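K.L.:
Each chain is listed here by its residues.
Protein chains: 2
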Amino acid sequence: MKDFQFELLARDGEARTGVIHTPRGDIRTPAFMPVGTAATVKAMLPQSVRQTGADILLGNTYHLMLRPGAERIARQGGLHKFMDWQRPILTDSGGFQVMSLSALRKINEEGVRFQSHIDGHEEFLSPERAMQIQRQLGSDIQMVFDECPALPATHAAIEKSMALSMRWAKRSKAEFRQQPEEDRAGRACFGIVQGGTFADLRLRSAEALKEIGFDGYAIGGLAVGEPQGAMFETLEATVPHLPVERPRYLMGVGKPDDIVGAVLRGVDMFDCVLPTRSGRNGQAFTSEGALNLKNARFADDAAPLDPDCDCPACRQFSRAYLHHAVKSGEIIAAMLLTWHNLTHYQRLMDGLRQAISQSRLSDWVNKWRADGKMSGDK
Amino acid sequence: MKDFQFELLARDGEARTGVIHTPRGDIRTPAFMPVGTAATVKAMLPQSVRQTGADILLGNTYHLMLRPGAERIARQGGLHKFMDWQRPILTDSGGFQVMSLSALRKINEEGVRFQSHIDGHEEFLSPERAMQIQRQLGSDIQMVFDECPALPATHAAIEKSMALSMRWAKRSKAEFRQQPEEDRAGRACFGIVQGGTFADLRLRSAEALKEIGFDGYAIGGLAVGEPQGAMFETLEATVPHLPVERPRYLMGVGKPDDIVGAVLRGVDMFDCVLPTRSGRNGQAFTSEGALNLKNARFADDAAPLDPDCDCPACRQFSRAYLHHAVKSGEIIAAMLLTWHNLTHYQRLMDGLRQAISQSRLSDWVNKWRADGKMSGDK
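Chains as they are written, first to last, in the numbering used here: chain A, 14 to 391; chain B, 14 to 391.
Because the hints were derived from the structure by calculation, they are not lab data. Heads up, a few of these hints could be off.
[Stated by the list, open to error] With a cut-off of at most 30 angstroms between alpha-carbon atoms, the simulated DSS-like pairs for lysine-lysine come out as follows:
#	chain 1	residue 1	chain 2	residue 2
1	B	Lys307	B	Lys223
2	A	Lys307	A	Lys380
3	A	Lys340	B	Lys380
4	A	Lys94	B	Lys307
5	B	Lys119	A	Lys55
6	A	Lys268	B	Lys307
7	B	Lys119	A	Lys307
8	A	Lys340	B	Lys119
9	A	Lys340	B	Lys55
10	B	Lys380	A	Lys55
[Claimed, not checked] If you want the footprint, here are the derived chain B segments under chain A, 3+ residues with CB under 8 angstroms:
#	stretch
11	80–88
12	311–323
Just so it is clear, the structure is predicted and the values come from calculations on it, not from any experiment. Built from N, CA and C at the ideal position, the CB exists for glycine as well.
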């Protein structure tokens, strides 16, 4: 079994491009991971997700533990086999969804007791349980269990929460190391930096994680509604304190221009529901900016959604067709727009990777911004 | 431009197999036409529909005239281009949906005035308007406008309705013949036999249509809730009066064993929403009969949905996965089960065609029935 290994290929300013080698295949960075919440990237077949250029998916521990259950997926041979995705999978630890989706949470030092948002039954997550579930799923990159406080919050509240997350990170890593060698080989465990938008807390959190030692370092607790400027400032206060030789993952981000700004600040990995969720809501990310296909101005528009794109939505159909499908609530609208949005995101990542490897990222970003590709709804 | 032509290749009892040649490609008969109601076979990309083995799709005049509108589709280059299906399309005339979906219908000799089920706006369909719309869509096989009375009904009521439908058939054909030669070349117009379950009315209807002369003959007004026996008896009273050298199309049918029984009675073409609608509701047609994937007994079933099938649902996933996807309301469940059901239907048609061409249909049907493939939900 090959090891999990991050190979840094080129740097351009703070930005980096490289390859994460894993037994299940390489992950080109900067990487965007489509979200496969409940063992499916919504409205996509797995081979279609791969066709968009995705090297890795994200799976949600919280959703999968509730339905169909981690033990059930383990009996079915693991998440890769269950959902027919043979390449790497990163799983979150459930911490974020417990805070955002479940009811009647009770947090203490041990972990979190909560009620399922599906049927109300009581569940429990702790660092140990979260890592056990990720092992049962067969995840290639397993995230430590953390607490994700809502922002804004006081320095004292964030400090207390960050300190708890650091104690949980230590327990998560200890549990990961207890996995049998044959389960753990080639798999990685990532720590998660917390500390809200407070630079001093981010620094302390990063130091605490490095002390424990992880295969990669995530930045958590962002993309929770704070302004983009605050997110970028927090990255600038955090990334320099992370080990150069390990991948850096900004969780839950984001819009295309969030991703570009974070890559410029040294981030290597991203995940977000935006391309898939938007696709199901009639929104398309294009080389002209974001388009809302519900808009009546597309009803007679014979042009392709994005002339620069070679996905099935753009190759086979007109904007008029997509408008009709969205307005009619047809499933094909979700299928085509999701496919397109994921293709658009992967093309963005490909552009970033190439620009970094050719030391022309600054020019590339200036042109990209001038073309209006970062802009909002038209 | 090639002509529309039906080539009869073999007969076995009353059953026939052949090829309908059209400028847009051949249609192997007996043929099953997936229903592409609103310019999409729900939950499928057109290339996937073709992969299931479909030679022809059905489109609905009623739905398309209301949304996005026939004029709009014509401006976009016709229905084939709009929905990216380059092979033949048969369109119904809207008669059936007007009766089943719309509100506040007023029928007179001229046609039917009704309200859209989408937004309540008033619309009008007549034989002339129905044929004009089908021409705007660019349909390869255009159906006459008819009235579809609900069953059961009295002999007098059905007789009156049938007589109206025959007058409308004559006007539909006249309108079809008025299409410019370049529009009409290679396109066909089918008549529709009406008459409920009354043999004498079916005979009179068939005679009236033959007098007008059509490229094919449909049997309408069935599959509206009558017992299978009544449907088969009506076929036996109708099919012998239809020209041998023209395709025969049983509208809106049906379950696999309805199709087998109708093929045994000389029918060549079918359409039905059952495989697609069932697919969206968690129902699968398999070589073991119909399965309801919602059933908890599939939660840990690692077997493929149907070991005899090579569709993506059966090749890539387990019953446990499909159960999870159905229970979670994931779009992939509709995508996979629709794909499977359409594959199952096309394999049925392929089996029938081969058995007829090898003069072993009776044995084939006996084996098929013994295998329980016609049976209901397990």
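K.L.:
Taking the hints in turn, state whether each one holds.
P.N.:
Verification of the hints:
no. : hint                : in the structure
1   : B:Lys307 - B:Lys223 : violated (48 angstroms)
2   : A:Lys307 - A:Lys380 : holds (29 angstroms)
3   : A:Lys340 - B:Lys380 : violated (46 angstroms)
4   : A:Lys94 - B:Lys307  : holds (21 angstroms)
5   : B:Lys119 - A:Lys55  : violated (44 angstroms)
6   : A:Lys268 - B:Lys307 : violated (36 angstroms)
7   : B:Lys119 - A:Lys307 : violated (33 angstroms)
8   : A:Lys340 - B:Lys119 : holds (28 angstroms)
9   : A:Lys340 - B:Lys55  : holds (14 angstroms)
10  : B:Lys380 - A:Lys55  : violated (40 angstroms)
11  : 80–88               : holds (count 4)
12  : 311–323             : holds (count 3)
Checked against the numbered hints given earlier, this structure breaks hints 1, 3, 5, 6, 7, 10; the rest are met.
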